[in-house]
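Put chain B on the given structure of chain A with help from the hints.
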Amino acid sequence: MIRSTRFPLFLLGALLLAIPRVGAAQITIQNTAGLNFGSLAVGGSAGTAVISPAGVRTVTGGVVGLGSAYGAASFTVTISSGSATYFLSLPTGNTTLTGPGGATMTASTFTSNPSGLIQQVPSVPGSQTVTVGATLNVAANQTPGSYAGTFTVTVFHF
Amino acid sequence: MKKILVATGLFGVLAFAGSVNAQSASATASANAKIVAPIAIAETSNLQFGSIAASAAAGTAVMTPAGVLSVTGGATIVHDGTVTTAAAFNVTGAPNATYAITLPAAAVTITSGANTMTVDTFTSNPTPTGTLSAGGSQALTVGATLHVAASQAQGSYTGNFTVTVAYN
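Here the protein sequences come in this chain order: A and B. Oh and the first sequence: position 111 is 126 in the numbering used here, straight run, nothing missing. Oh and the second sequence: position 155 is 464 in the numbering used here, straight run, nothing missing.
With the rest of the complex left out, here is chain A:
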């Protein structure tokens, strides 16, 4: 038979320690800048425009880069408690950018800095900036106009 005063105290202590960890927002991610490939001219042959996580643009094939208004996407990952380690998941496959009259282009091969699945914030609580680039596939004689799309970055924390 358990003494009525001691057992409830143990139980209460255990619950008080357990409850704050269940359902708390330990990790958050915020988008602070979009991915912008900038102005591109394309002639008779297809090509690509690549934005690196550092925001450097390179072009291949029949694509010419114009102007300087381009850049990598940027995210802030914040961990408020627990482990400093988290998993970073970039989009796989193709992301579609849609333009005039339903014309499309695809962005793929997303890259990031820092790079890789397993990441760490410098301290807990603490934040880390993750920049993201990708490759845009431009068809020969791609329809001129503005193209837009979205992509999602997911983080996991244990």
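Since the hints were derived computationally from the structure, they do not count as laboratory data. You may find that some hints are simply not true.
Here are some chain B residues pointing at chain A (derived, C-beta under 8 Å) [stated by the list, open to error]:
(1) S333
(2) A336
(3) A342
(4) K343
(5) G376
From the three backbone atoms N, C-alpha and C, an ideal C-beta is built for every residue, glycine too.
For chain B alone, kept in the frame of chain A given last:
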């Protein structure tokens, strides 16, 4: 003793259950690009040196991009009403874009039957690059130097030359 062990065991189970907590978060970003019209060039006027008289001495006829014709050496301009013009082109493309202009590097041959003359030292306005207007166009004029040999044979001489423009 048994009571305390039971309570501690329960405490341990609850504490363990509370620390296993997987969580994920996502953020969506925009991706943008702008495709601009390809650059294009279309001729609006030929390069015309007009009527030139040859002599026993070789000479040249020079057309500036502004359309001013002059001669040197044994060549003489004949004012017979023949039109003389610089070449002219309309360059079109993305508004306010800059572009590089490539003129023929080597001499171009113009012919009249079996007779030939050479045209070289191509010049342009603008040079060596241009800037399209807010409306996406710019006029480009081209001049050159015609080499008239001593006793160059009479005739109408014609030929072609290529001007290339590219966004830069």
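Verification of the supplied hints:
1. Taking 8 Å as the C-beta cut-off, the interface hint given for B:S333 holds, the closest approach to chain A being about 5 Å.
2. Given hint, B:A336 at the interface with chain A, holds; its Cβ is 4 Å from that chain's nearest Cβ, closer than 8 Å.
3. Because the closest C-beta pair between B:A342 and chain A is about 4 Å apart, less than 8 Å, the hint holds.
4. With 8 Å as the threshold, the beta carbon of B:K343 comes within range of chain A, its nearest partner Cβ sitting at about 5 Å, so the hint holds.
5. About 31 Å separates the beta-carbon of B:G376 from the nearest beta-carbon of chain A, more than 8 Å, and the hint is not met.
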